[in-house]
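Asker: One-letter residues, chain by chain:
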Amino acid sequence: MTEAGLTGGTVTLRVLKGTTASGTREAEYEVPMVTGMVVLDAIHFVQHNLDTDLACRWNCKAAKCGSCSAEVNGRPVLMCKTRIDDLASGPITVHPLKTFPLIKDLVTDVSRNYEVNREIKPFTHAPDDRGPWRIQQVDIDRLYEYRRCIECFLCQDVCHILRTHHYEDRFYGPRFFVRVAGLEMHPKDVLDRTEETREEGGLGYCNITKCCTEVCPEHIHITDNAIIPLKERVADRDWDPARFAVRMLLRRPTHRAASPATAATPTLPDPAKPPRNRGDWDEAALTNVDITELVKQQIHTRTRPWEK
Amino acid sequence: MSLEPYDTIDCDVLVVGGGGAGMRAAVAAAEAGCSVAVVMKSLLGKAHTVMAEGGIAAALGNVDPGDSWEVHFADTMLGGQLLNNWRMVELYAHEVIDRVYELERWGGLFDRTNDGRIMQRAFGAHSWKRLCHVGDRTGLELIRTLQDKLVHTPGADVHMEYTLTSLLTSGDRVCGAMGYRRSDGRFVVFRSGAVVLASGGWGRMYRYTSNSWEGTGDGAAMAYDAGADLIDMEFVQFHPTGMVWPPGARGILVTEAVRGEGGLLFNAEGERFMLEYDPVKKELSSRDVVARSIYKEVKAGRGTPHGGAYLDVRHLGAEQVRKKLPSMVEQFHALASVDITTEPMEVAPTIHYTMGGVRVEAATGAATIPGLYAAGEVAGGLHGANRLGGNSLGDILVFGKRAGEAAAEYAGTRGRARAADDRQIAAEQAALLEPLDGSEDGASAGENPYKLHEDLQAAMQDDAGIGRSEESLERALAAILALRERSARMHVAGGRMLNPGWHTCRDVTNMLTISESIVRSALERRESRGSQWRFDYPEQDAELGTVNMITRRDGTAMRVERATIDPLPERLRPLLERSRFYDAEKLPRGYLTEAGATTGAGS
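Order-wise, the sequence lines are chains G and V. In this text, residue positions in the first sequence follow this note's numbering: the first is 269, and each later residue adds one. In this text, residue positions in the second sequence follow this note's numbering: the first is 313, and each later residue adds one.
Extracted from the complex, chain V is given alone in its bound form:
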């Protein structure tokens, strides 16, 4: 096998991804004394974090003094239907408070209360007003603050517009990653003591998504290929409110802050339907519930002309809307010619976030193979079956820092950078180059990667989307396997220099891996829980409430296995009752509700 020339970059810690989690991990590792390479597919500061609008959930208690980390813990566990890794949730609810103040010390802005403290707003399924925010652009503020911190942190180098395609292993441990520089297609090998995956989620295999082109699941696919476990892959979050019209804008996010600030949902008949579906939390119910409610209204024939629901903020007054939701005003004005201060918005569910991901150790973010760490959306466990709004910006700060520190520790003790295996590199190079047939112009023979992508999106949207059944999931699985065969024949014209068709080929391969994992896990979870809604199993199943689904590679085959969840320990169990939404009668079915629940309050 021939070996193409490649550049080699050595570092102690390699961070894959330049969003919030990656930058926070890089800062942590560099501050621990490591040389750090942060590698990203786009330019610095363009990552999907900028799309987060609502805020960072942290129990500062500035607006509602009743709030505390314990209540935040309880809300997050109940929102995740108790499938969460409770240790992660505990660490998260504790530490996110410090991370918010740390961000402020690094120059981040937050809206203020009358007495000058950080302002907090209400959000779905949070007991108290908890989201620290600045207008509706909190993600941009977070990423800009981290960006400036990162480029002024000695020891951290930023590598923009590189695609990493596979992890390099030495013995049983990860010792770097390889890929190519997008601008000219030259191969690059990063040799490192440890690798932190912070590559985000995977919405792009669905047709209607708020994700950018980057959300193809590269990090999770790389980890899976290297033999790491994935967890909870069946849980894909539909954000209840995405734009519906015009077609080009379909799926673009309408922030939950619209409802947080008092926006109301109506069907085409003018009924405020959330009063019926969730009389307690109403519009601010958890995302899975609101998304399903809109879906049901549309299916029942009470949808808007373009198949959605109306989201109305007119009663708040034009001035308040412009001040609190400026980018929504701009977005609807520019893209849909709608003035949201005088007209309602038309919204429908859109794929937004992936709860599952690389299975990690709670305190360190360590994956199941040595030398590999994961943080942020690419890691699974914190959010369980459904994520609460505002918990992702907190997630990337808390676990970005933890993973960065742990990776630095590993790199400094056990993980010295080692020579990469040229056979691994040559095999990966050959696989990457296969779709390039050298033709400069015209249609080339073989499969167009974009067509494959569109076919995958159709299969996932229709058959593995918001509502699923055994039959539809089997259909999706068959489609994925057929696409997998077709993907071997992908061909594109042009060269290696900035060729989006060529780049899409590997994206498709990664998305097929992740899609298969989603569908196989969803098939195995024969119940409805959190974001997983099975028409054929509409209720929660007590037994399935005690397990997570694990995806693991077995040779070339994919296996999905069950892993038993450690029940909540005695010291955390009573905290659940601190949530305003705690109802002993309606606990998620699982390890607390059945006979096996020996850790009940009375014991």
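The shape of chain G in the complex, shown without the other chains:
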């Protein structure tokens, strides 16, 4: 290790160690202070010199991959860009993300996030519009904000719908509203995800406390630019009086008898049953039929999963 930049001081880390099964405790480590040191540097020092069995996730160490999320002095941050000299003096507590089930030390089980992502219908262009495309830079600039997300899941961690209420079964969480917004606003995407974002995604649970925006290391305006526009789309679609009246008039029977003709028609996967097993996803349905028409057909035949 390089000796450069040693300041002569030390810093005390209190790191949560252990597993749910074996119990957890705060282990204390003294780490020599180096100029510009970040919390992840200090954790690495511990691993190399004091405790080779201390588990944490990290990859790029440059705030680009979103792996080293932790709660430092109670605040969800990326350890790789949290400077120790920016923290209050005194011991530094480093704990794992509280919202997710603990695996060991600073590592938690974030697999639920990957399941949610699989439930969101992927980017889909019109079958006959295969590019090369002309898209204006202004559209890219707007979408780029959503695409900046590094999936550190700090927003999921801090959101009280998940952290306090644990509504994982009915609430996508901020990260995935950002994802949906990025798809919905893509000028070449032809699907409509507003309905399932409201139904399965539980968009209505968000009461705009903006905690997610507060912790986002990429400075994405999650609430203002992703969640609120999605809420507006839902309101526009479901609660506009004129649209509501037209919809009532044109309403199709809720349970249509499966005639041979309709049975042969390819259908979209039932959004009430998210495609957990990717084998359920019918690619042909996405590329061979008029998707907007299919989505319209299904709008009124859904029930919330937890109401069954």
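It should be emphasised that the hints constitute simulated quantities derived from the structure, not laboratory data. The model shown is predicted, which means the values in this text are computed figures rather than measured ones. Some hints could be false.
Computed footprint of chain V on chain G; a stretch qualifies when at least three of its residues, placed anywhere within it, have a C-beta under 8 angstroms from a C-beta of chain V [what the hints assert, rightly or not]:
#	stretch
1	390 to 399
2	402 to 414
3	447 to 460
Idealized CB from N, CA, C, for every residue including glycine.
Given the coordinates of chain G, assemble chain V onto it according to the supplied hints.
Answerer: Coordinates of chain V only, in the frame set by chain G:
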């Protein structure tokens, strides 16, 4: 030998690595009808691909209509000093254009020109503005797009946070791989019809590197252990611009897009030194040249306070800098308290990329043992002696797809999944478990794997780094062999559950194998060419310009042999002149310049 319990997962195609190449290969194999297991050490979407910032080099010709695949071919061959596998380069320059548009159809974003087409930026040693990009986060965009494509592709299963440690063989062919699940240490055996290695490169054996902890060369080491050939291992790319200060940030990448957008390099005396080293390409010379120039300036006493050069973008204007280089603004602000719109950045070379790797067949990515394929950074051949920026993101798309398709074909015809040999599995399990002494707390007796790693980094950085000599390389080799002996005594505390010390033990073993191959190949290449800079042989050697260095296992010993390069065929030879940087007087010495060059333009 006792056999620990293990889980078995069967699939047609096993893909080792979850970065761009692995995901593209998995999509290709799944679309060909195979069941695919994609196995990665980290979470999905965290692979090193996210660190690629500049863009994808593809001759769309949207900004400079003079561009074409032929010019891209010529730039890549000249950049690689003609050691490249020209057939790979030809396929690459052709197909990367389709791969870019395909990525766009899968939802990937690119910055646009005024008339709405994909924008392209200038990059080092590319004749024209060629890099398709979105801000300075193209790698993240690529990985996110592929990630979403992959999880919505039927037939592909993702296995996150598994470490694979060795390939399983049956007769002369590869029939799977084994390793452990990181979360609990349980052993896992993947039985497959074919294996695609897409495990990336190996910067971690150097002290100052832009690589994450994952860059330990597992894939190449596994392939070598199984008897596959490695090629061009001496060529390790220093990216000219890594961060220098503070110490914790040393080595973190400063994207070449900074220079692509007009950033200038100055020494401590305020001289724009690249005007002297390369008056034509200046700051946008190839990476080997810029890295050496910075190194020379620092050695000559004209370095910055922390031993680097200044990279300055202030003249571009704050607004343009924030728009085009947002993550650089953020990175320097957060890590170094530097506002790059008002202050220059301090930069020095950092280990970035490995040109060499598993020796593959150009069209299929097939390694030299049946059933094994490789794509992306772990494969060698495309980049020759030096890679041009932007060619790696293209590489993973073009050859990821090709390797995935070829592996699917092999799995569907010749390679049915077969029972793995329990003796192989038991031997590997015993080797993996050796460093665990069962103690729960306190320092355990034996060698600390992290200390071994640090010692290896010191040896490689100082003696097999940017500048090399016979003497320094021999020193590095001796250090590696000594570390190899010490590595037999590695011991760590704790159990198998998420124990980074234990994980590091195998990383060290793999890095020692790869380091030995780098040093032995560098010793054999007694010349300076591309990224290999020998103080004792400062010129190019014509004879060495006709061969690649091949590393092969011979029992327990490592052999480095020469393999003659097929000269450029008649139909490709004239294309070289299409590069703006073509100079008949200054062609890389080798098969085109010497008497043996019968394929010249006139013949």
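Asker: Hint by hint, say whether it matches the structure.
Answerer: Hints, one by one, checked against the model:
| no. | hint | verdict |
| --- | --- | --- |
| 1 | 390 to 399 | holds (count 5) |
| 2 | 402 to 414 | holds (count 7) |
| 3 | 447 to 460 | holds (count 3) |
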